[in-house]
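**Student:** Below, each chain spelled out in residue letters.
Protein chains: 2
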Amino acid sequence: MSNQQSKATWIWYPDDYELWLHASVSVKRQFRGYICPPFWRLDTAYSNVSFRKTFELEKPERLTLSVQGMFVLHMDGSMTPTPYERTPVTSVLLPAGKHELTVKVYNDRMIPAVYAEGETIVSDGSWEVTCYDAKWVKAASSNLNDIAYPPADFRFAYQSLEPVSVTHIEGATLLDFGRETFGCVRFEGMAGKGKLRLYYGESLGEAMAGEEAETFDELEIAHDRPQLFVTPVTRAFRYIQLQADEGLSWEAVTHDYEYLPLERRGSFRCSDERINQIWDVSVYTLHLNTREFMYDGMKRDRWVWSGDAYQSFLMNNYVFFDQDVTKRTLIALRGKDPVQLHLNTIMDYTFYWFIAYYDYFMATGDLSFVEASYPKMLSLMDFCLNRRNGEGFMEGHPEDWVFIDWADMDNRGEVAAEQLLFCRSLETMAIVAKELGDLENGERFHRLATELRTRIFELFWDEDQGGLIHGRLDGQLNKRILKYPNMFALRLDYLNDDQKQLVRENVMLNASVQKIKTPYMRFYELEAMCEIGELDYVLREMRDYWGGMLDLGATTFWEEYDPALPIEEQYHMYGDKYRKSLCHAWGAAPIYLLGKYTLGIQPQAPGFSRYLVEPKLGDLDWIEGTVPTPDGEIKVFMNQTRLSVVTNRSGIGLLRFTSTGRPSVNEGELRLIGHGRYELELPNTDYRYEIMLCQENE
Amino acid sequence: MSNQQSKATWIWYPDDYELWLHASVSVKRQFRGYICPPFWRLDTAYSNVSFRKTFELEKPERLTLSVQGMFVLHMDGSMTPTPYERTPVTSVLLPAGKHELTVKVYNDRMIPAVYAEGETIVSDGSWEVTCYDAKWVKAASSNLNDIAYPPADFRFAYQSLEPVSVTHIEGATLLDFGRETFGCVRFEGMAGKGKLRLYYGESLGEAMAGEEAETFDELEIAHDRPQLFVTPVTRAFRYIQLQADEGLSWEAVTHDYEYLPLERRGSFRCSDERINQIWDVSVYTLHLNTREFMYDGMKRDRWVWSGDAYQSFLMNNYVFFDQDVTKRTLIALRGKDPVQLHLNTIMDYTFYWFIAYYDYFMATGDLSFVEASYPKMLSLMDFCLNRRNGEGFMEGHPEDWVFIDWADMDNRGEVAAEQLLFCRSLETMAIVAKELGDLENGERFHRLATELRTRIFELFWDEDQGGLIHGRLDGQLNKRILKYPNMFALRLDYLNDDQKQLVRENVMLNASVQKIKTPYMRFYELEAMCEIGELDYVLREMRDYWGGMLDLGATTFWEEYDPALPIEEQYHMYGDKYRKSLCHAWGAAPIYLLGKYTLGIQPQAPGFSRYLVEPKLGDLDWIEGTVPTPDGEIKVFMNQTRLSVVTNRSGIGLLRFTSTGRPSVNEGELRLIGHGRYELELPNTDYRYEIMLCQENE
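Protein sequences, first through last, are from chains A and B. Counting from 1, position 399 in the first sequence corresponds to residue 399 in my numbering; the numbering is continuous, with no gaps. Counting from 1, position 78 in the second sequence corresponds to residue 776 in my numbering; the numbering is continuous, with no gaps.
Hints in this document: simulated from the structure, not taken from any laboratory. Mixed in with the good hints, there may be bad ones.
As the list claims (entries may be wrong) - Okay, derived cross-link-like pairs now, DSS-like style, lysine-lysine, Cα gap no bigger than 27 Å in a straight line:
{"no.": "1", "chain 1": "B", "residue 1": "Lys836", "chain 2": "A", "residue 2": "Lys336"}
{"no.": "2", "chain 1": "A", "residue 1": "Lys336", "chain 2": "B", "residue 2": "Lys1275"}
{"no.": "3", "chain 1": "A", "residue 1": "Lys376", "chain 2": "B", "residue 2": "Lys1074"}
{"no.": "4", "chain 1": "A", "residue 1": "Lys336", "chain 2": "B", "residue 2": "Lys833"}
{"no.": "5", "chain 1": "A", "residue 1": "Lys135", "chain 2": "B", "residue 2": "Lys833"}
{"no.": "6", "chain 1": "A", "residue 1": "Lys616", "chain 2": "A", "residue 2": "Lys138"}
{"no.": "7", "chain 1": "B", "residue 1": "Lys833", "chain 2": "B", "residue 2": "Lys1025"}
{"no.": "8", "chain 1": "A", "residue 1": "Lys376", "chain 2": "B", "residue 2": "Lys1034"}
{"no.": "9", "chain 1": "A", "residue 1": "Lys135", "chain 2": "B", "residue 2": "Lys1034"}
{"no.": "10", "chain 1": "B", "residue 1": "Lys1034", "chain 2": "A", "residue 2": "Lys336"}
{"no.": "11", "chain 1": "A", "residue 1": "Lys517", "chain 2": "A", "residue 2": "Lys434"}
{"no.": "12", "chain 1": "B", "residue 1": "Lys833", "chain 2": "A", "residue 2": "Lys28"}
{"no.": "13", "chain 1": "B", "residue 1": "Lys1074", "chain 2": "A", "residue 2": "Lys135"}
{"no.": "14", "chain 1": "A", "residue 1": "Lys616", "chain 2": "A", "residue 2": "Lys635"}
{"no.": "15", "chain 1": "B", "residue 1": "Lys833", "chain 2": "A", "residue 2": "Lys376"}
{"no.": "16", "chain 1": "A", "residue 1": "Lys577", "chain 2": "A", "residue 2": "Lys635"}
{"no.": "17", "chain 1": "B", "residue 1": "Lys1025", "chain 2": "A", "residue 2": "Lys138"}
Claimed, not checked - Computed list of chain A residues with no C-beta within reach of chain B, every gap over 10 Å:
{"no.": "18", "residue": "Arg41"}
{"no.": "19", "residue": "Ser47"}
{"no.": "20", "residue": "Ser142"}
{"no.": "21", "residue": "Asp337"}
{"no.": "22", "residue": "Arg412"}
{"no.": "23", "residue": "Pro606"}
{"no.": "24", "residue": "Asp621"}
By construction, the Cβ of each residue, glycine as well, lies at the ideal position given by its N, Cα and C atoms.
The following block holds chain A by itself, in its conformation from the complex:
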């Protein structure tokens, strides 16, 4: 943060932009020509909002104003004495002295928003807004700094792509764009009259299936002369089967790839090209799904699901570090008060939302966003606390979806995995409340979390089986051992060393425990394996499972993958032949796993003010990569003989590594902390630490 003059930016009532945008994109989902509206409440923006700015000027100043909506200006509570044009972009003369300018805006189509720029006065967070609830709150913004682009237009970037192959089959034309992509289709010089049909396929089979494809367009063309024709709806596909009535012709067909411009601040390379390819395809998968919000998948839902989004946030932190999309997504998920149901109707998805704030704060150190969200965090937590059963546990009400994973399990009653997520939610609330100086609530949430954690382990820890059991229904324990509660407990660091050892052997490495089939839960499973030191296992799994998708021709990672299925059933899901999403954000877990556990970089205090660097080669010869932080990147290179770390522009790192011989360093003092384990403080910023490892073959 600097004290320089603030930049003008579009401002609005808190959360309104995100809620409006979310409602408008949520209904773009289609299934075979019909809309699929989401089955949760969609909240929208306030149409009637007032903005105010108190200022003190030595001399009069002309303020240029652009307003999204109908508006009127008041100065010191009355109509402005000086006239102004009643146009969207206008200007008003601010008088010298101390005054208050009010801009009252109405807009029931898009959100009321204001952009103002004068010599010293600009629209920014120093302005206040009200929806006329007798409270003035800080105006919200989201880095939309161009007067010509009000928040109505979400700005994407575009790239024109030609098909890599065009094939003519039985009167149809098959376009292959080489890999999964997203956007509209552009026909140059389209001429004639008739119907044009486009059947989109993430797989070749889907495109060839005609109206059995998940999405298609049937468009009426009536051109008197050849002219450009662009399809009206953005679609996800690799293949398109084109069917055109006889009277139609065109000169060329291309595709406008539409995407959010994102900088790849993170990187990963290693000695295994298959792992590198997995990282690249993961990043592309995540990139396609990172748009207005963090979406689940590109072809089907394109919805904001809290559980999916949470993983995307964690992956995003290791490659794009785009926090605007994270903030937009968290706001959209939460909606407005009153809370009537869990987020996306799913109990676990409410908890992931809370937990996301913990990870957001650790990654960014941005307390101001957390503060803006705090009232809604409190009311959502109230909603949860009011739904606890007599034992203090959360169990599904009839209207709740208790999900956890697409898998065979009985989620009625008190599900242990849910209680663990609830517990971390309470811990997050305790941390946030204390950071914001709300000590009373901080204490309360801390006490609730501590009590809950004790009760979870009293009830669900099974020493004989060596793990957490599934849950309890109507007072009857369900002693089934599944990976979910155990891997959650590992990632949340709720187990002592003895428990970890038991869980490792009896659950995580136990082949008789039910296998996990979704990349979604493989994310936590493999993270848990990393936490118990099984990095080699994780790398092998990556090669087999993610590599398995690549072997089947995947250009992005999938919603679900079962290596045991025959190829012709790989795209089945939800009872339909091509429903499975082949570009699903939760498929991109390797970004996170490789960044956090191979490069070994993670924050230890908010905003990377302290961070850990603990690279691990596993079975690789060398690794190299970059992890973004709020203030520059951290870079790591490691092979058998050399370890190099470039620190970021602020923050203090702590390096941990293993060396069988005696290592040396160019700066600082190595501490031996265990058998072959060394630690080095990294206080120098923007600095390259070079460690020579005397690695002996064991």
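Since chain A is already given, all that's left is putting chain B on it; use the hints.
**Tutor:** The following block gives chain B in isolation, referenced to the frame of chain A:
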């Protein structure tokens, strides 16, 4: 209610149509070319709504569907097996057997709404809707029964009016339409290019004041050939000053009077033509203000103010008996949860909203609307109860407006008049709760009301001064005597006979008590005078006060009138020369006073199942009139020698009258109930009771 097959009607999520419509009309207010958005929260409709109907058919049936919004149909939870056109009006084949049809609709511009009509299945209150809050509730409707007119279009009637005079003054043209009117202006054969300016005036002075007028239009015309031009915004006016650039010409200018088609079911005539004229102008004033909602006034706010609307409901019951506009208005006023402020920000206006339900229920007997409103009545009452001070009284918080009247009074602290309105609000809640079978809340509200009424009289009744004092601030009684609490106590029947007598002499007839200047509060003042038997006084006041406005040329009644002001100041208000509204609903009080106290007709049980007929001649030779009820009209004629009552089609009347001699009746038995006072039960429906009065001169 009948068991006949229900008519198809447009249905939607409860309250959504009214909230959407209210938001869209609330921002039509303008002041000299700028918008004046309301200073309260505007709530809008849910954009994402699902409709469902469970049906059982002996044979398949084709259902015609019109949907306002994007939609998809599901049968028994899945996509419909039979195809349907994806157009706004479509049809679907319902299979035989027991099934559930779901229509999922998204509309973020207008409200999601459905119209469906088959041989046996139609869209009506048997359908359920959800906004995805896990609750299915009864679909709402409002007698919009035409498939071609979805709820997006509020349908008005139009009448083409020519100016009664056209005058040319200093390059301008002055149009006079003879009386206050509302709508757009139509220029036939408008030709040329240039600016056209219309300055609207409720008074001649206002139209001639140019940009000092409250409303005006400055329009750009560019016609290549003569063609029709209609002004874009509806305005209220009697006069228009037209200024046109030289290049412009037109063949004829007329006005499209826009109004809600309403039947005058009530009537009033008497031997005094001035009173008859006051009744006529009152009805016209009310009619102009009765549109999408009950508006305060036509020129300036055109807003829905609860205090104003409450009086309009009461007047409406004596002439149009249009309950649809009452229901729309009550829903719009209440808005959505959470409640954050009083209605229109005004404490008394919250109470009038509650009290309106009492009067609505008495007039209509319609418990179903009350039931639909009950959850929001409860949450608004919770809001009030949570704002009571330690003594159990309501006092203004900093963000509250404690209004009562435009008058000199100190409304800080505990204002007695507010407590009386609060008390009747609690009584209304007690009645409604009991009617709906919510006995626990019924008891609670009854107890709260009883306690409050006791406390009010303990604290504010001043036996020495013979009335209720103004209030208390910081523990200090404000012993000032004003009419407000006393006339409220009279109309709410909170005074015993001794108290009534004291209030009559010391307050209501006491010339040293501050005079009331607004027709708004004159409504309650004159009602209170009627309650203490001062009908002659009321008739005199009507001739003087309302007649005084007529003498000044009024064609509709005003927002405020002070006979003492010189003519050139009569249109001043809020510091501006022409701000006063000359067509203000609260000016139409005579409709109510003449119906309730001269014709003497009012319900005594819900829906006029029992009603009172107590006509009073006052100083008039004869009176004659009709009062509408839910089931037909009640008619009364009375002169010195004859009294005739025609009963409605159901309900039992009770006739009371005074006769100094011995009267006779064509049916039933007269009971003498006091000195010259008689009572007659009217059990025959649709029947003319004729009473011969032997009136002797006293």
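**Student:** Determine for every hint whether it applies to the structure shown.
**Tutor:** Cross-check of the supplied hints:
no.: 1; hint: Lys836/B to Lys336/A; result: 24 Å, holds
no.: 2; hint: Lys336/A to Lys1275/B; result: 44 Å, violated
no.: 3; hint: Lys376/A to Lys1074/B; result: 22 Å, holds
no.: 4; hint: Lys336/A to Lys833/B; result: 17 Å, holds
no.: 5; hint: Lys135/A to Lys833/B; result: 31 Å, violated
no.: 6; hint: Lys616/A to Lys138/A; result: 45 Å, violated
no.: 7; hint: Lys833/B to Lys1025/B; result: 23 Å, holds
no.: 8; hint: Lys376/A to Lys1034/B; result: 18 Å, holds
no.: 9; hint: Lys135/A to Lys1034/B; result: 17 Å, holds
no.: 10; hint: Lys1034/B to Lys336/A; result: 12 Å, holds
no.: 11; hint: Lys517/A to Lys434/A; result: 39 Å, violated
no.: 12; hint: Lys833/B to Lys28/A; result: 25 Å, holds
no.: 13; hint: Lys1074/B to Lys135/A; result: 22 Å, holds
no.: 14; hint: Lys616/A to Lys635/A; result: 14 Å, holds
no.: 15; hint: Lys833/B to Lys376/A; result: 22 Å, holds
no.: 16; hint: Lys577/A to Lys635/A; result: 44 Å, violated
no.: 17; hint: Lys1025/B to Lys138/A; result: 37 Å, violated
no.: 18; hint: Arg41; result: 5 Å, violated
no.: 19; hint: Ser47; result: 5 Å, violated
no.: 20; hint: Ser142; result: 20 Å, holds
no.: 21; hint: Asp337; result: 6 Å, violated
no.: 22; hint: Arg412; result: 17 Å, holds
no.: 23; hint: Pro606; result: 32 Å, holds
no.: 24; hint: Asp621; result: 53 Å, holds
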